[in-house]
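Asks: Here is what each chain is made of, one letter per residue.
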Amino acid sequence: MQLEKFQYDNRIVRNFAYATILWGVVGMLVGLWAALELVFPKVLNVQPWFNFGRIRPLHTNAVIFAFVGNGIFMGYYYSLQRLLKTRMASDILSRIHFWGWQLIIVAAAITLPLGITTSKEYAELEWPIDIAIAVIWVIFGWNMFATILKRRERHLYVAIWFYIATFVTVAVLHIVNSFELPVTFLKSYSWYAGVQDALVQWWYGHNAVAFFLTTPYLGLMYYFLPKAANRPVFSYKLSIIHFWALIFIYIWAGPHHLLYSALPNWAQSLGIVFSFTLIFPSWGGMINGLLTLRGAWDKVREDVILKFMVVAVTAYGMATFEGPMLSLKTINAISHFTDWTIAHVHVGGLGWNGMLTFGILYWLIPKIFKTELYSRKLANAHFWIATLGILFYAIPMYWAGFTQASMWKQFTESGQLKYPFLETVTYLKPFYATRSFGGALYLVGALLMVYNIYKTVRQGKLVANEDAEAPALEKTYQQHNGEHWHRWLERKPVPFLVATLIVILIGGVIEMVPTFLVKSNVPTIASVKPYTPLELQGRDIYVREGCYTCHSQMIRPFRSETERYGEYSKAGEFVYDHPFQWGSKRTGPDLAREGAGNNRKTNTWHFNHLDDPQAISTGSIMPSYSFLIDNVLDTSTTRAKIRAMQTLGVPYEKGYEDKANRDLAIQASQIAATLHNDSIMVPSNREIIAVIAYLQRLGTDIGKNKIAGTSNK
Amino acid sequence: MQVVSVLIILIAVSILVAGGFLVAFIWSVKKGQFDDDYTPSVRMLFDDTPAPDEESSVKSKQS
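Quick mapping for you: the protein sequence lines, in order, are chains A and B. The first sequence runs 1 to 713 under our numbering. The second sequence runs 1 to 63 under our numbering.
Hints listed in this document are in silico derivations from the structure and should not be mistaken for laboratory results. Please note that a few of the clues may not be correct.
To be verified - When the alpha-carbon atoms are kept at most 25 Å apart in a straight line, the in silico SDA-like pairs for lysine to any residue are as follows:
| # | chain 1 | residue 1 | chain 2 | residue 2 |
| --- | --- | --- | --- | --- |
| 1 | A | 42 | A | 318 |
| 2 | A | 227 | B | 38 |
| 3 | A | 367 | A | 237 |
| 4 | A | 237 | B | 40 |
| 5 | A | 42 | A | 426 |
| 6 | A | 85 | B | 42 |
| 7 | A | 654 | B | 40 |
| 8 | A | 529 | A | 598 |
| 9 | A | 299 | A | 318 |
| 10 | A | 461 | B | 46 |
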């Protein structure tokens, strides 16, 4: 056996580490800004670019794909080379991956504040960027598999299985969810509509959590936690079982985001069963992580890196206990649409992803710079400040969520709703303030780390190419008798890739294909008609401004909701909604029947409310949309939009695209006329007219003939 | 009617797949396949550093 000499590429690791730190700080800063907007709505909502609806997607995309994303790649490039005893297959591909990913992040940071968005949560980026993501992702995967193929270590360590599953599943999720029809260069419509769109979106959305925030970080945990503790993982056996179980079960869990919605009941039940079952493989991972430190807990007292990792794994355990609980219908009926969800994701985000990233950075930077960490004391301070920050963030949000849900459901003795919606919002202001304080603490901790790492880097020198040596891999492998079947997979990355792909596809296909093919799952309602051109344009502005970040359009079948918002939402009402706008959070009230029944307001009310929400609803925390009064509606896109909708199967009559702008002008002048009657002299060609048209249309269709024509063949 | 048949297919496939995993797991435990599932977890701890003298010789060659 020949001993071969080679070098690990540390420069790529350093680059991803710097990017992780940079985007981490940026993402947290944007998050803090958004949090403070709910406390000081009039000051911080600098319209239109920094309104909450545009900033919130920027925050979520920045922390998920920029902070955690770069963190994943940092850990991958460091651990993959060492676990496989080889340099990355191609330095050029590594570099293209790095710069491509950063360019995508910059594109996101520019387009989202400009209102260029698909409105699908955590997939808001428009189609040209979606294509760029797919290309860069494939380059990353190609490099990874080429590296696996030229490895000097036959066994694939458990971390690598998680890396492979992550690559494959994210690719599938991204491609399926990003099916969209381009209308213009930076505008597209989702291929799916209504219920189907919602199912695909939350199949993606939940698995973004599963395969972007969880499986890659479990892989990192399986490498960096044993390394930092210098102890083998508690149980390798457990890691095998929990890996397969986790990827198989996770893919089914999406529908728990749509409980009590218009999604077919069987899909909801399926989602619940698998979401609940998830606690077993999830806790398998947590137990495996924590028990790795068995008999070495004294180290945790002294080693700040282990402290970060222990809190991370503990937070993972708490979040994955809470997740299955929140997927139970009884609990979800309380938690959904409230700040409880926000608390839940931040225990995962700040606790699991954030703390593990910090721990890895503190461990890895001194290693590749051949030096010691500049200050353990500062790192310790960071640890305590960050931990306190998580508590100050999560506790008020749990409290706010539970309180608001209780207020929404409260009836007086005479059977009336006790609290108007606005009162349930103003009550939460102190909680929002405390949460912002918690977020600020967490950011301060991260800034301490920036200084600490800067000093560490200054006192060391990057070992750009780290020497290593290992025997060459034998060409032919002797199969031992009675060997475990799993070992065969471990040695063969390509069959492993295929096996992983099959396992994750089963879940997705079984849930989605019947929903698309079986007509009875989406009963059509005869009175539901496509949007008028003006309403369609207004809807696109609603999408652009990210109204869905605070307003749901999904009335659940509870008395407390039907009393407040009207008849519960039916699947057939959303068949022309490309994309769906059900939302996931009610910082403001539900808008599904904004134009119908008791909810209906006058055009003048909407105009004044969009212009200055606080003037109409004292204490409202909604941003002002007065710029819609000045913006002239771009009607040059109407033709392309109608054509696109026709392609997607929306039944506009043939040739309607040529008449659309005429109808649009007529409807706009009607609305303008009602405003003129109230002495609001706004021209009919303004964006606000289109938004009012859309809001007044919402939920009105089924009232027309009392849900007649509901077919369920 | 269609919804019911979809559910039956769904449950059948789920049970088949889940059962397959269970059978494979029990089979592998009975065969003693997990007996040597310890060394990889230990080996990953040692792969970083080349032998000291080798390291210095490589370095001198490069510089």
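Asks: State for each hint whether it applies.
Replies: Results for each hint:
1. For the hint pairing residue 42 (chain A) with residue 318 (chain A), the CA-to-CA distance comes to about 36 Å; that exceeds 25 Å, so the pair is violated.
2. For the given pair, residue 227 (chain A) sits about 16 Å from residue 38 (chain B) by alpha-carbon distance, which is consistent with the 25 Å threshold.
3. Only pairs whose Cα atoms come within 25 Å are accepted, and residue 367 (chain A) paired with residue 237 (chain A) is rejected, the gap being roughly 30 Å.
4. In summary, the hint linking residue 237 (chain A) to residue 40 (chain B) is supported, as the alpha carbons are separated by about 11 Å, within the 25 Å threshold.
5. Restraint check: the Cα-Cα separation between residue 42 (chain A) and residue 426 (chain A) comes to about 14 Å, which is no more than 25 Å; the hinted pair holds.
6. Between residue 85 (chain A) and residue 42 (chain B) the CA atoms are separated by roughly 15 Å; this keeps the pair inside 25 Å, and the hint holds.
7. Note on residue 654 (chain A) and residue 40 (chain B): the hinted pairing is violated, with a Cα-Cα distance of about 66 Å set against a maximum of 25 Å.
8. For the hint pairing residue 529 (chain A) with residue 598 (chain A), the CA-to-CA distance comes to about 22 Å; that is within 25 Å, so the pair holds.
9. Restraint check for residue 299 (chain A) and residue 318 (chain A): the C-alpha separation of about 23 Å stays at or below 25 Å, so the hint holds.
10. The hinted pair formed by residue 461 (chain A) and residue 46 (chain B) meets the criterion: a straight-line CA distance of about 23 Å does not exceed 25 Å.
Comparing the model with each earlier hint shows violations of hints 1, 3 and 7; every other hint is respected.
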